[in-house]
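Could you build all of it, start to finish, from the sequences and the hints given here?
Chains as they are written, first to last, in my numbering: chain A, 1 to 299; chain B, 300 to 623.
Bear in mind the hints are in silico, worked out from the structure with no lab data behind them. Each hint should be verified, as a subset may be incorrect.
Claimed, not checked - Simulated restraints, written as ranges between beta carbons of each label pair:
no. : chain 1 : residue 1 : chain 2 : residue 2 : range
1   : A       : Pro-210   : B       : Leu-325   : 26 to 36 Å
2   : A       : Pro-210   : B       : Arg-589   : 45 to 55 Å
3   : A       : Pro-124   : B       : Pro-619   : 16 to 26 Å
4   : B       : Asp-512   : A       : Leu-155   : 42 to 52 Å
5   : B       : Leu-325   : A       : Asp-196   : 28 to 38 Å
To be verified - Taking beta-carbon pairs under 8 Å as the criterion, some of the chain A residues facing chain B (in silico):
no. : residue
6   : Pro-63
7   : Tyr-116
8   : Leu-118
9   : Leu-129
10  : Leu-137
11  : Ile-146
12  : Val-151
13  : Leu-169
14  : Ile-222
15  : Gly-229
16  : Ala-267
17  : Phe-275
18  : Met-293
Computed from a prediction, not measured in an experiment: that's the story for all the values here. The beta carbon of each residue, even a glycine, is placed where N, CA and C say it ideally should be.
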Amino acid sequence: MSGLQDVMARIGWKRRSKLAQADLFERILYVLLTLLSIFMIVPLVYIFNHAFKPYTELFLYPPTIFVRNPTLNSFVELYAISRDSVVPMSRYLFNSVIVTSVSVVLVCVICSLCAYTLSKHPFPGRKALFTIIIVSLMFVPEVVEIPRYIVIAELGLINTYWAHILPHLAAPVGVFLMKQFMDQIPNEMLEAAKIDGAGEWKIFMRIAMPLVVPALVTIFIIQFQATWGNPSTSVLYVMDDAMKTFPFYMTTLTSTAANNVARQGAAAAAFLVLFLPNLLIFLIFQSKVISTMAHSGIK
Amino acid sequence: MSASKAELSLPAQKVHAKSLASMKQLMARIWAYRLSYLFASPFVLVFLVFILIPVIAAIGLSFTYFNGMEVPVFTGWKNYEYLLSQDLIFLKYALPNTLTYALIVGPGGYAAAFILAWLISQTPTKLRTLFALAMYAPSMTAGVSLSMIWQPMLSGDRLGYLNSFLLNMGIIDEPQLWTLDKSYLMDVMIVVSAWSSMGIGFLALLAGLLNVDKTLYEAARIDGVKSRLQEIWFITIPAMKPQMLFAAVMAIVGSFKQGNIGTILSGRNPTPEYAGHLIVSHIEDYGLIRFELGYASALTVILLIIILIANRISWKLFGPKEGE
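Structure, rendered in structure tokens:
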């Protein structure tokens, strides 16, 4: 890696004044990026194929990456494992859908409201609030999971959907990104609406929000990723199996040592259930995410 | 109140009256902006309950003995004394492991993200989207799904992809226990974390790079900037410092977030011979297994301080300077 970069440094850094040099730089650039992309993508390609492999192919030696005779057996098995147990897979999936959709919608609302007032209203204490948000960008929830557990227990949220949802709502990154994006809206626009007699709520809903759709989508994506694939709320705050979410179900497929090997196909299928929605949403909205991130700077 | 007022000398009284008046003015302004506070209140509420109170609770509980059932008993600095003098596992494994891991995954991953983002920004639009997607995709698989992917890759028998590949190439003679051997675990943790670390910080860097004003480069060329390296140093980095700070903060969060990755990969806590024991695993060990919540809180405070220091350094490097 560093060797390649050395070579690149020697040949490629020079300005594009001579065509031959520019070509060489670009060629090395493409080769390097392609190799890296392959390294990044191979594990995903492999797990994707793994999910569609029949039993005979799962344990071949030498192991193969690509599937030869794709089947949906692993998905059937994923469902069948829990068919006779007290809590079937569909229940975990249902919990996940509820928890994720509620928390995604709530976080979008909460972040937009706070960001709007931070960006457009010069209320006393605004600077302090924004400073607090910037400082808490570095907040790592995983670090304070013990006191968080105590707070959630004290609030009586153990074994409820709220234990999955509420901790995710404290999302300073969302407020921050939205606020930076809102700053792009010219104040004159909002004032014009005010002169026309629109109330704050109407200005917020009709004028500000339609202009910040990219930021909204970005928060949606970040939040979706954080909630949809997260087993930790199930592990920490929920003891009742019927209230746990799909990512937790996935951990049970592999964590029991005896089943570790036999259920590889089902585990890969479960992984796809978690990963594909993430990927699709990101693919659809990637240009909006990039345009939001352009305003992500801390100034 | 009135008695003290009578004792005040004249100028002080004026100041007092003035501060009272400005107080009233402030209250009036706060009242005038009541809607703004209403807008901000949902976030402020969840912030207080799930960020501020847990942090304060961690600090408070770190001075107590607390087992989760009985009322916490105040014990002063005892937890910290034990932590710094007797908790050999913390001093010998958790702390150095965390520093090694965080230094490589944090600044190392950050530098890698910048170099990658820069290289990608040099490619034409269509390819750029593809490359960016390839780098970003793994970051969508945090936590458990991470182990789901890597377990078969790194599995200890010859069926494991890495083992089978290396056996074929003749680099190793027999299958290696990648996630259970203490000499490999840390390296594996670092590679796996790096693999999934090109998240929103990376996207911020890429977006920042793409948004640098193109005319700046032309102006610099006239001013005698010759190589791309100079261009990066004199134009690109100063122009995108705000995004670099944001990405740095995200890199720090990323390097402390997956603190139990050793446990996830090896499937056990503590990890084999504590090779992958990070402070977060130590916190989970004391908090969730031994139920010594007071001591776990002291560990939490130590980790929070480390994160704070890391952030101070990033602000020093990339933060807005006086007068900017």
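Exercise for the section: Would you check whether A:Val-151 satisfies its interface hint, that is, whether its CB is within less than 8 Å of any CB in chain B? Expected result: 6 Å, holds
Handout entry: Cut-off 8 Å, beta-carbon criterion: hint that A:Ala-267 touches chain B
Key = With a minimum Cβ separation of about 6 Å from chain B (threshold 8 Å), the hint on A:Ala-267 holds.
Problem - Hint status (Cβ of A:Gly-229 to nearest Cβ of chain B, threshold 8 Å) - result: Interface hint status for A:Gly-229: holds (6 Å vs cutoff 8 Å).
Exercise for the section: Confirm or reject the claim that A:Pro-210 and B:Arg-589 have a C-beta distance inside 45 to 55 Å. Expected result: Taking Cβ atoms as reference, A:Pro-210 and B:Arg-589 lie about 53 Å apart, which means the hint holds.
Problem - Interface hint compliance - A:Tyr-116 to chain B, C-beta minimum distance less than 8 Å - result: 6 Å, holds
Exercise for the section: Under 8 Å, Cβ to Cβ, is where A:Ile-146 needs to be relative to chain B, so tell me if that hint holds or is violated. Expected result: 4 Å, holds
Exercise for the section: Could you check the hint for me, namely that B:Leu-325 and A:Asp-196 are 28 to 38 Å apart, CB to CB? Expected result: For A:Asp-196 against B:Leu-325, whose Cβ atoms are near 31 Å apart, the range 28 to 38 Å holds.
Handout entry: Interface hint compliance - A:Pro-63 to chain B, C-beta minimum distance less than 8 Å
Key = 5 Å, holds
Practice task
Report holds or violated for the interface hint on A:Ile-222, using the least CB-CB distance to chain B and a cut-off of 8 Å.
Solution key: 7 Å, holds
Handout entry: Supplied contact hint for A:Leu-169, tested at 8 Å Cβ to chain B
Key = 4 Å, holds
Practice task
Verify the interface restraint on A:Leu-129: the C-beta must sit less than 8 Å from at least one C-beta of chain B.
Solution key: 7 Å, holds
Practice task
Have a go at the A:Leu-118 hint: is there a Cβ in chain B nearer than 8 Å to its own Cβ?
Solution key: It holds, given that the least Cβ distance between A:Leu-118 and chain B is near 7 Å, below 8 Å.
In summary, the structure agrees with every hint in the numbered list given earlier.
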